Amino acid sequence: MAIDKVKEINIFLTKKNFNDFFTFLKLQEKVEIEEVKDVEGLDFFKDVNIEKYDKIINEIDFLLNQFNKFEKKKNFIADFIPERLNIEYKNLETIVNKFDFDSLYKKVFGLVRKNEKITDDIKSLKKDADKIKPFISVGYEIKKIDTLKKLKVIFGSLKKSNYQKLLNEKERCEPILISEDEINCYLIIAFLREDKSFYELLKNIDFNEYDFKDFSGKPKTIYENLISKIDELQKMSDDIETEIKKVSKNLDNLKLLKDYYVDKKNEEETKQKVIESKYLIFIKGYIKEKDIKIFEQKVKENFDKIYIFYEEPKDLENVPVSLNNNKFVKPFEMLVNMYGYPKYSDFDPTPFLTPFFILFFSLCFGDVIYGLILIFGCMLLINIFNVHEKDRNFFYFFMILGVFSSIVGVLTNSWAGDLLSFPNLAIINLLEEKPGETPGLIKMLIFSLAVGFVTQIFAILLKAFDNIRKKKILDAIFDQISWVISLVGIVLYIVFMNNPFLSKVFLYIFLSGIILIVLTGGRSSKSIIGKLIGGVVSLYGIVSSYGFSSALGDILSYSRLLALGFSTTVLGVIINTIARMFGTGVIGILIIPLILLAGHGLNIFMGLLGSFVHPTRLIFLEFFGRFYENGGKKFSPFKFKSERIVIKNQ
Amino acid sequence: MSEVYGLVFAILGMAAVISLSGIGSSIGIGISTMQTAGVLSEKPHLYGKLFVITALPGTQGFYGFIELFWIATRIGLFGGIPKIPVNTGMQLFFIGLGMGFVELISAVWQGKVSAAAINLVSEKEEESGRAIILPGLVEIYAVISLIAAILVTSFVTAGL
Numbered sequence: 001m002a003i004d005k006v007k008e009i010n011i012f013l014t015k016k017n018f019n020d021f022f023t024f025l026k027l028q029e030k031v032e033i034e035e036v037k038d039v040e041g042l043d044f045f046k047d048v049n050i051e052k053y054d055k056i057i058n059e060i061d062f063l064l065n066q067f068n069k070f071e072k073k074k075n076f077i078a079d080f081i082p083e084r085l086n087i088e089y090k091n092l093e094t095i096v097n098k099f100d101f102d103s104l105y106k107k108v109f110g111l112v113r114k115n116e117k118i119t120d121d122i123k124s125l126k127k128d129a130d131k132i133k134p135f136i137s138v139g140y141e142i143k144k145i146d147t148l149k150k151l152k153v154i155f156g157s158l159k160k161s162n163y164q165k166l167l168n169e170k171e172r173c174e175p176i177l178i179s180e181d182e183i184n185c186y187l188i189i190a191f192l193r194e195d196k197s198f199y200e201l202l203k204n205i206d207f208n209e210y211d212f213k214d215f216s217g218k219p220k221t222i223y224e225n226l227i228s229k230i231d232e233l234q235k236m237s238d239d240i241e242t243e244i245k246k247v248s249k250n251l252d253n254l255k256l257l258k259d260y261y262v263d264k265k266n267e268e269e270t271k272q273k274v275i276e277s278k279y280l281i282f283i284k285g286y287i288k289e290k291d292i293k294i295f296e297q298k299v300k301e302n303f304d305k306i307y308i309f310y311e312e313p314k315d316l317e318n319v320p321v322s323l324n325n326n327k328f329v330k331p332f333e334m335l336v337n338m339y340g341y342p343k344y345s346d347f348d349p350t351p352f353l354t355p356f357f358i359l360f361f362s363l364c365f366g367d368v369i370y371g372l373i374l375i376f377g378c379m380l381l382i383n384i385f386n387v388h389e390k391d392r393n394f395f396y397f398f399m400i401l402g403v404f405s406s407i408v409g410v411l412t413n414s415w416a417g418d419l420l421s422f423p424n425l426a427i428i429n430l431l432e433e434k435p436g437e438t439p440g441l442i443k444m445l446i447f448s449l450a451v452g453f454v455t456q457i458f459a460i461l462l463k464a465f466d467n468i469r470k471k472k473i474l475d476a477i478f479d480q481i482s483w484v485i486s487l488v489g490i491v492l493y494i495v496f497m498n499n500p501f502l503s504k505v506f507l508y509i510f511l512s513g514i515i516l517i518v519l520t521g522g523r524s525s526k527s528i529i530g531k532l533i534g535g536v537v538s539l540y541g542i543v544s545s546y547g548f549s550s551a552l553g554d555i556l557s558y559s560r561l562l563a564l565g566f567s568t569t570v571l572g573v574i575i576n577t578i579a580r581m582f583g584t585g586v587i588g589i590l591i592i593p594l595i596l597l598a599g600h601g602l603n604i605f606m607g608l609l610g611s612f613v614h615p616t617r618l619i620f621l622e623f624f625g626r627f628y629e630n631g632g633k634k635f636s637p638f639k640f641k642s643e644r645i646v647i648k649n650q
Numbered sequence: 001m002s003e004v005y006g007l008v009f010a011i012l013g014m015a016a017v018i019s020l021s022g023i024g025s026s027i028g029i030g031i032s033t034m035q036t037a038g039v040l041s042e043k044p045h046l047y048g049k050l051f052v053i054t055a056l057p058g059t060q061g062f063y064g065f066i067e068l069f070w071i072a073t074r075i076g077l078f079g080g081i082p083k084i085p086v087n088t089g090m091q092l093f094f095i096g097l098g099m100g101f102v103e104l105i106s107a108v109w110q111g112k113v114s115a116a117a118i119n120l121v122s123e124k125e126e127e128s129g130r131a132i133i134l135p136g137l138v139e140i141y142a143v144i145s146l147i148a149a150i151l152v153t154s155f156v157t158a159g160l
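First to last, the sequence lines map onto chains Y and B.
This note's numbering puts the last residue of the first sequence at 650; the count rises by one with no breaks.
This note's numbering puts the last residue of the second sequence at 160; the count rises by one with no breaks.
Possibly wrong hints are sitting among the right ones.
Heads up, simulated DSS-like pairs for lysine-lysine below, C-alpha to C-alpha not over 30 Å straight-line [said to hold, decoys possible]:
| id | chain 1 | residue 1 | chain 2 | residue 2 |
| --- | --- | --- | --- | --- |
| 1 | Y | K639 | Y | K7 |
| 2 | Y | K69 | B | K43 |
| 3 | Y | K74 | B | K43 |
| 4 | B | K43 | Y | K52 |
| 5 | B | K124 | Y | K641 |
| 6 | Y | K504 | Y | K443 |
| 7 | Y | K343 | Y | K390 |
| 8 | Y | K314 | Y | K633 |
Partner residues are not named here, just some residues of chain B that face chain Y (Cβ under 7 Å, in silico) [as the list claims (entries may be wrong)]:
| id | residue |
| --- | --- |
| 9 | G48 |
| 10 | I66 |
| 11 | F69 |
| 12 | G129 |
| 13 | R130 |
| 14 | I133 |
| 15 | G136 |
| 16 | V143 |
| 17 | L146 |
| 18 | I147 |
Simulated from the structure, these hints should not be mistaken for lab results.
Fair warning: this is a prediction, and the values are worked out from it, not measured in the lab.
Think of the CB as a built atom: it goes at the ideal place given N, C-alpha and C, for glycine as much as any other residue.
Please take these sequences and the hints and turn them into a complete structure.
Next comes the structure, spelled out in structure tokens:
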């Protein structure tokens, strides 16, 4: 099926070859390297140097931090699309080798340190300037002010609210108000040198004394000098910035450098998983069966004296899983990836969930015009942002969903709400209600529940299939087939209630299923009474994973398909109704397109949100709940480790 | 005279559903937005991933709007002043009130779950796919009450 067959690979080689071979292995991207277990008496490879790479990565990060502010900002949409770069490994190595990182680092590091010092200086000068600024109107040499024998003269600031308190002590001092701003007043105070307790007073009113000992000259000249000094330093700092900006043209190459060294570090870390002896290296891992042939050939072309042998995997729980689906189903692997991979011994649920997810999504989103917008929007995004092949599946996912949403739109007569209307093409018209006929809403509700019923039966059959595959045929019959019989029986009984013959047939089918469940549901119990009680209780799904209560709940849960589809349509209708209120006058022609654009844009966004979240939940809970167990590990071959760089195969 | 009261009750129902669900959504979005703002202060590059989760509790407000519109259409409010029997009006009032409460409370709780999911993404960026499903588990009850309200509205106004 759709899980790739995997083999264990064992590689022996001489130490001399090791580094070359390891890089070769990385570029092949075919082998997942596993840590070797049971290493009695043997040692893991020790000759690694991770610290060296840590250091250089740190240094690169330092430069990147400096350069980042000069980088052009990406716009909102481009932010969603990962940046990718195709490059050959050889070219990458050439770039890295040519790049004179050490001297660039030294240069920028020096500049940054210098700049930091200048910024500190500017800060302290500014502080001084701010202090002296209120006193520039004082026309005396600052050093000569406090030279009197009996009087002490000090500078300082005081909260305005406390100024009066100082004035109250006028017989002890002589305050001179120089200037004031909103909060403080700036003073020169003279008082007797012998009045030691005056400081006490100043402290009590929160007087803040300024120390101008280091300055000489008149306050105005001091202030002007400071300002010109600051300007000078600022200019120096700006020059340094320009110089850093000049070398920041290296940013792109620097990013490459970082990717290169991050990968090198990863390579060193991976090396610790292999075993070394005095002359030999032993590598253990997994490889996909279909890759073996090419891999062998490549090894032969490039190396000799390498011995490789393959084994069937033994420890099935831990075998890495790689899904393999065709182009149409592949985008839906995203959902399996979100929930968790299957185990190697299980099967890939992707092909089974794909049609159901498409159906759920298109029922929720179902609108012709919205669907078309989704298709062309994705196409446009791919082309405008030149999305890398690796990331295109995400867009294909929504393009496929767009196609089916359009089809559902036609069938339910939803064209951007009721912007257009082709009722003849529709099967169920959601908003329609004719006397004597079932309203469209009810029809859709019944259809949603029917979809739920079919999905549940299919999921139970998948579990049965899984059990049969694992040779647990009795489990398949007692636990799954019995439920299929009774569920199908009771539903068909209700459908054909008016036909006395068919209703009887389906009633018996239903009852036979029930009897089967009651007789076998408690078979794990030891005593006969336990078996009987277990059987009855299992009808309700208390002891087993499935029962009538969960069946009913799960099927009713699908009614959300109606609700979301309906809300997408009705919101569209509301927007159109609002737009039509503006009539066909000049105002209408101007405003209506705006309302339609903004309104339907919002509706598409909301619709996408709901139509993704709810079907995903229906798949994860109601569908997977019946048959699927995750717990597998994704197959991740040893390769160049980078989100951004894609190494081209030579 | 009773037909006037019928209309009054119907409009009270519309008011109840739109205001309760709107209040709920604004509280819910408020909770999730605060969380997002906090995370963004440390990790601004997550804006795109978090935006969707943050917006999830906003749907309840729209569900309320849809039910309001549905009642208005069913009683023919767009075609002028309709005449509605008082018992139908009261039925519509209780439908709106009931649905409004579910929307209100589910939106608040969805906001809390969104906040938790946002934390999850901020710790583990690769989990954004799963994180977006969690608030959806709360939303189902808002959806169910919307279906119920729409269906019952259709039933009680069938004769108008």
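field: Violated hints, by number in ascending order, as checked against the structure
entry: none
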